[in-house]
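2 protein chains.
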Amino acid sequence: MDPKTLVAELGNNARVAARQLAAAPVAVRNQALAAIGAAISDHRTGLLEANQKDLERGRSTGLDPALLDRLELTPARIDDLLLSLEQVASLADPVGAMDDVRTMDSGIRVGKMRVPLGVVGMIYESRPNVTVEAASLCLKSGNAVILRGGSEAIDSNRFLGALIESGLEQAGLDKSAVQVVQVTDRAVVGALIAAPEAVDVIIPRGGKGLIERVAADARVPVIKHLDVFATSTSMTAPTPRWPAIALNAKTQRYGTCNTMETLLVSQGMQSLLPGLVDALQQRGVELRGCPRSRKIAPAIAIDATEEDWGTEYLAPILSIRVVDDLEDAMEHIARYGSGHTESIVTEHHGRAMRFLREVDSSSVMVNASTRFADGFEYGLGAEIGISTDKFHARGPVGLEGLTSQKYVVFGEGHVRS
Amino acid sequence: MDPKTLVAELGNNARVAARQLAAAPVAVRNQALAAIGAAISDHRTGLLEANQKDLERGRSTGLDPALLDRLELTPARIDDLLLSLEQVASLADPVGAMDDVRTMDSGIRVGKMRVPLGVVGMIYESRPNVTVEAASLCLKSGNAVILRGGSEAIDSNRFLGALIESGLEQAGLDKSAVQVVQVTDRAVVGALIAAPEAVDVIIPRGGKGLIERVAADARVPVIKHLDVFATSTSMTAPTPRWPAIALNAKTQRYGTCNTMETLLVSQGMQSLLPGLVDALQQRGVELRGCPRSRKIAPAIAIDATEEDWGTEYLAPILSIRVVDDLEDAMEHIARYGSGHTESIVTEHHGRAMRFLREVDSSSVMVNASTRFADGFEYGLGAEIGISTDKFHARGPVGLEGLTSQKYVVFGEGHVRS
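Here the protein sequences line up with chains G and C, keeping their order.
According to full-length UniProt numbering, the first sequence is numbered sequentially starting from 1.
According to full-length UniProt numbering, the second sequence is numbered sequentially starting from 1.
So that you can see chain G by itself, here it is in the shape it has in the complex (with noise of 0.2 angstroms):
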């Protein structure tokens, strides 16, 4: 079948079986996301083998390492698919729910009811685990969901795909609210992304390449997110919580993309950042500086290039910056920051909140490690990628990010005069 045949194919079944999701209870869509749990748990040995067959072609085809380590499946994993979809069926019913009912001067009553978005798309790497987190996500927002993952994991997916579609028949739902694309063909990707009537929202994750891909070329509304983070501290007079922020920040994991990546300093905090500088190479930390941060710790021997304050390492490299003052390390956010993320640490409360309030980021702390940044630490329960744009959801995108929210009206035979 030709992409864009089997794109408005998908897409139709999907709208048909969002309409039916939108309408179905809670109580359903919960039972659901049990029964993919227990076809999970029932089928550990056949899902073990398919992502063999998987590890086996990669591996064969020399994939690269840490894509095998993301591919892999182990008991452990399943354990924690398991549990997250149980999280999932816990968390509050977002469909439906009412906000700002008020009664106006003409006597009609308006609100806003929370709703599906409809169709998600989803495109991502590797991961077979992001199969049943999507999946539940959107079954729990009432989203039909379309699963495009990497080729790699083909066979995975199919399997968990067939696991997830015996749920939903089990529930009584149509098996079209989830649709695992069965194909590896990439052609099916530009498709889906330029398909407004198939799909209301394209959610990419993975690497940069694919998610600029996506957005450059997308007809569809997309959540994604890009790049890089940085940490912004400053202060007046040296506060000893900041060198304990700043290493987990860094060293916490190095591979995530709410890690520290860039440091600036304050000019009051220069005394303690001899002995950050100096727990930070302790832990394997390569150090790049500006000069002057390499004049009061030389302990940083490599210098910071233009380019090192734009980049996303995902490894023990940090880049470090003096500042004058807040208004200094504002600019170097809005001129260098990914708009991920940024944490300042002060014990100045005007100074924290002009940070929050003019820092144009997804996240904005005080006093605490970006290291926070997380769906999970945030209560959303579970995250389905995480946004960095401004437009409809910024930061971790929970169910809430996957609903929208409608005029509801109240009248009794109310006309307008």
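Don't take each hint at face value.
Any copy, or any two copies together, can satisfy a pair, since identical chains are not distinguished.
[What the hints assert, rightly or not] Below, a list of computed lysine-lysine pairs in the DSBU-like style, where the Cα atoms sit at most 35 angstroms apart: (1) Lys-4 <-> Lys-295; (2) Lys-224 <-> Lys-53; (3) Lys-224 <-> Lys-208; (4) Lys-208 <-> Lys-4.
What the hints contain is simulated information worked out from the structure, not anything from laboratory work.
Model the placement of chain C on the given structure of chain G, informed by the hints.
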């Protein structure tokens, strides 16, 4: 200057102004609104003269009389503009408002702060009022705006642009916070909607052709509304409310997007149809009906075609269809509706709630005229457009639709473990 260079320059100016505006206290933004109002009030004669030039050029080039009417500024319309500036100034400040602040298990406090979108690109036709309305809503919500009105209104828009500039300067704000595109080259529209670095969102207002073109070619998010209206009625027993609501929805104004274009009649309501048909015809409304409706009310002289169910007449024409039940009505709406506004007249609570929940439109009403679907009637103070999309904003878009929410995190030295 070539269009791309011009848009890049407008974008750079707007970005600088947007940062200043987002940080400006609401008192300063309100002061700018007052100063713009004063400038317009002081230069009424000049404004009417500039508008006269547009009107004369329009008449000599044979501009459609309806467009000429929309193009015209009268002393009364200027009074309305001044009033709307005052109303926008009196609205609550959306910028910086914090929501949902909760303490998480880790001890951090997480909330959401409302922030401007950044730079709005407004593309519109004819009505110079939009220049002032859009500028005022964007200023109030902390957004910079690039205004690209129609070439037919260029003299009025240039004049208003200069008055707005002087108002901004009097309040100490960057005059690039509101930029009126000074050239009429159509290629500027193409460049603007393809420049995510210059604008964060595009809002087109005007004819269907303009909006469809913008939506198809845009590289940035678009808040748009397209097409037609339906009112659905379904009830077990006839209710005297129904004819009055239907009459109001169709005949209170013919040219607005919240005017009823299709009337669905449940079987239980048939006895009231002939009376309603009579009342509509007395007001000169042409009726086009399905076979069943024509049998019940033979005064319906014209057969409705398939095309009628999806047509926005913007005229004294109404299509009428008899439906079997609520299911049938919702099926019709899902198939032919535009997703703008649907209203049901019923005394049955369960049916009303099903309709509210399952009909997928930006406004869904019970026992009220569709003519209420409007930013003022919903208490938004003013609207910059009506969105029929599900992404970001749905229905009338006011200050909230021009903003987004970012996550804010308060720690006291918290690190992630």
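Consistency of the hints with the structure:
Taking the shortest Cα distances, Lys-4 and Lys-295 never come within 35 angstroms of each other, neither inside one copy (60 angstroms) nor across copies (44 angstroms). Proximity of Lys-224 and Lys-53 under a CA criterion of 35 angstroms is satisfied intra-copy only: 30 angstroms inside one chain copy versus 47 angstroms between copies. With identical chains, the CA atoms of Lys-224 and Lys-208 are at most 35 angstroms apart both within one copy (10 angstroms) and between copies (29 angstroms). In the homo-oligomer, the alpha carbons of Lys-208 and Lys-4 lie at most 35 angstroms apart both inside one protomer (25 angstroms) and across protomers (26 angstroms), since each shortest distance falls under that limit.
When the structure is compared with the earlier hints, a violation turns up for hint 1 alone.
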